[in-house]
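Kindly generate the complete structure, drawing on both the sequences and the hints.
There are 2 protein chains.
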Amino acid sequence: MNSRNLQWLEAEYTRRSFLRRVGGAGSGLALFGAGGTVWAAEPTSTTGPGALQETPFPVGKDVDSLIRHSGLTFETKRDAFGTSTIVPYERLFVRNNLPTPDRALVDDRNAWTLSVEGVARPGILTLVQLKALEVVTVATVLQCSGNGRAFFEHEASGSQWGVGAAGCVIWSGVPVRAVAEAFGGVSRGARFVTGTGGEELPEGISPDDVVVERSIPLEKGLEDAFLAWEMNGEPLPLVHGGPLRLIVPGYFGINQVKFLRTLAFTPEESSAAIMQTGYRVRPIGESGDPNQPSMWEMSVKSWINHPSGDGPMRSGRVMVDGVAFGGMRGVRRVELSVDGGTTWQDAPLIGPNLGPYAWRQFAVPVTLERGTHLLMSRAVDDAGNVQPADRLENHRAYANTSWRDHAVTVEVE
Amino acid sequence: MNSRNLQWLEAEYTRRSFLRRVGGAGSGLALFGAGGTVWAAEPTSTTGPGALQETPFPVGKDVDSLIRHSGLTFETKRDAFGTSTIVPYERLFVRNNLPTPDRALVDDRNAWTLSVEGVARPGILTLVQLKALEVVTVATVLQCSGNGRAFFEHEASGSQWGVGAAGCVIWSGVPVRAVAEAFGGVSRGARFVTGTGGEELPEGISPDDVVVERSIPLEKGLEDAFLAWEMNGEPLPLVHGGPLRLIVPGYFGINQVKFLRTLAFTPEESSAAIMQTGYRVRPIGESGDPNQPSMWEMSVKSWINHPSGDGPMRSGRVMVDGVAFGGMRGVRRVELSVDGGTTWQDAPLIGPNLGPYAWRQFAVPVTLERGTHLLMSRAVDDAGNVQPADRLENHRAYANTSWRDHAVTVEVE
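Protein chains in written order, with the working numbering: chain A, 1 to 413; chain B, 1001 to 1413.
Worth flagging that the hints you see were computed from the coordinates, not collected in a lab.
In this text the structure is predicted, and so the values were computed from the model without any measurement.
Warning: the hint list may mix true and false statements.
[Claimed, not checked] Computed list of lysine to any residue pairs in SDA-like fashion (alpha-carbon distance at most 25 Å, straight line):
#  : chain 1 : residue 1 : chain 2 : residue 2
1  : B       : Lys-1077  : A       : Pro-348
2  : B       : Lys-1077  : A       : Pro-235
3  : A       : Lys-77    : B       : Leu-1133
4  : A       : Lys-77    : B       : Ala-1111
5  : A       : Lys-77    : B       : Pro-1056
6  : A       : Lys-77    : B       : Lys-1077
7  : A       : Lys-77    : B       : Asp-1108
8  : B       : Lys-1220  : B       : Gly-1123
9  : B       : Lys-1220  : A       : Pro-348
10 : B       : Lys-1077  : B       : Pro-1056
11 : B       : Lys-1077  : A       : Leu-105
12 : A       : Lys-77    : B       : Asp-1107
13 : A       : Lys-77    : B       : Val-1136
Structure below.
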């Protein structure tokens, strides 16, 4: 399935999804509410002004905070990130590989079933049973593999994300380890944890070509991966994978399988295209291959959110803030340059430390005179790894951590 | 102004506010959206089904998660609390002393002005100027003084809150200390920090009788109070005090003055009724008096959220979770009893520690057989203070921390 097919699928889905939600048995309403948020209401009558107005934004998302790349991909604007560490639902980016399932999926969350395979006694648990096993609450950075793709110079397919295909959120769920134990432990020979999404697959295409199924090393899965049913204090929203999602702290978003239907402990990696050949880091022009590195672990990265560089500013004192994370570990420190990388100053971290997989935020006041300024941040993780100046060139433009690429140009009048 | 007057005011406001929002120049819409959320849309046309349907819920609040006590007071249901530490906007309780100002107040947040008095050089700062001074990010428990009032036996006036006039949120703002420094420091003789809200006051009533103005000790104000413009990663919502609110970590909600218009360093406590005679702890039947303790510091408290006791359960294993906080300090440990307080077991804390002013959550699996069970939690703060078995009886039914009162009765079939 090439990207043109997928685009068609996205457009088709968006249209169908909308009609199903607001049309169907009756017509309904989709309205722009106060503050620019799109509220797509449930069908309430057979007529209404909103029935004529199509909205591609997921329910409750804040239109003013997001950039729409497609019907399945929404990016948080640089200046829509706050400084309270977490990103609320309304402002969190969206990236779905397949059309989001129908809302009926979350009508009865507790009845959701998970099939567990590759254990001593394979079986099924409902969400209400999973909730009684064990509970962990963990803050993680959720980041798309292609975040920062827009800064590459070659034309890589995929959403042209700037900085905003990322967010820090707090999840609650049950450890993968506890689920394995509930079924008598992992089968001998298993080397991976494989999660399968519950999206309906389009007909006429081989399931392996489209299914959202990813594998992670068994050791990582048993160490701290978990199955989440809650995000930021509310039941996991549908568009973010509710009722149940696999969370692999420190790993790229593609591994955090949504609508999780099957959790399997497997001797091999999934045969799905997005595991075998997709999400593989390789030189520009080469095809994906299972021998290439998979998009698993994230590494140290930071960027400035304010000033965002949108429009000219007045001279004087301004607060520079942004985010920094280590990927698989915490952040030791962040430096700021307001002269294009010639000199650097310490950028103090603010706010609570939500753990090694969360991001930290930094804030430092600077005085900017009239002229053009190039601002950038550079983070160092807890192991001493320094965020690099340059990106690693690669075919699909994945994993951009370059501090140069993430710089902000500010015009001061 | 007695409570009957206030109730009348609330009802009147709700009606007027609604008409202003959806009627006015044209008519508009107020609809129940997906998931039970009420979305009050901006006026879009002169006709529409929602124009006939009045909603008293603030924009974007989740109807299914809240109990409506009045047009100004909404309580989070016990089972609407999650386990992700923070409470999102949609589920956070609301308690306003006066009608919420018009939405126009947040049309241009950065232009909001704060008057600073009782400093070497009194003056005014805009919000954009405050943002450039200094930034702190702090998680705190926001709790109404009357939370738990419903468990008292005498008839105390005020909202009959159960457990849900409380929430844990993350704020960003500027320290009171930094604001004082920006104006040359605090005037000699100041002993209090006094914040004044920007609500429009009703005519024909002495301002002191209704103004939301509270004082806290100067030492506390300079230690860690701050002025917040952001909550949980988004600009502070109007109903929670946006554009700017005074946050006093560890203090009851009444001190966290909304729509902050004036920050003053004063030799005396405010002359407002809610400072002089309101929010004073005294024996039942006595009048409020400035010599009685004011509702400042919170103390150690915990309660169970799940099971919530709403409806019968099936026997077997269930996860018991809840919240615990120390008020002015962190929580050392929590104990759980499933037999009415006869025996206790350790209830492990889960999730990230967001600092001493945030709450922690606990979760412990238990097996419940058929019958009636009385479940309760008991917290110990970092100084060794133990949550008491019994409440302190007092006229206005403030500050209930009794673990007995907060117990949950569970029927298992």
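How the hints compare with the structure:
1. B:Lys-1077 <-> A:Pro-348: violated (39 Å)
2. B:Lys-1077 <-> A:Pro-235: Holds: Lys-1077 (chain B) and Pro-235 (chain A) sit about 14 Å apart, inside 25 Å.
3. A:Lys-77 <-> B:Leu-1133: Measuring from Cα to Cα gives roughly 24 Å; hence the hint holds.
4. A:Lys-77 <-> B:Ala-1111: holds (22 Å)
5. A:Lys-77 <-> B:Pro-1056: violated (32 Å)
6. A:Lys-77 <-> B:Lys-1077: violated (33 Å)
7. A:Lys-77 <-> B:Asp-1108: holds (19 Å)
8. B:Lys-1220 <-> B:Gly-1123: The hint holds at about 22 Å.
9. B:Lys-1220 <-> A:Pro-348: holds (24 Å)
10. B:Lys-1077 <-> B:Pro-1056: With a Cα-Cα distance of about 17 Å, the restraint between Lys-1077 (chain B) and Pro-1056 (chain B) holds, given a limit of 25 Å.
11. B:Lys-1077 <-> A:Leu-105: Given pair Lys-1077 (chain B), Leu-105 (chain A) holds - Cα atoms ~24 Å apart, limit 25 Å.
12. A:Lys-77 <-> B:Asp-1107: Holds - the C-alpha atoms of Asp-1107 (chain B) and Lys-77 (chain A) are around 19 Å apart, at most 25 Å.
13. A:Lys-77 <-> B:Val-1136: Roughly 22 Å between the alpha carbons, so the hint for Lys-77 (chain A) and Val-1136 (chain B) holds.
When the structure is compared with the earlier hints, violations turn up for hints 1, 5, 6 and for no others.
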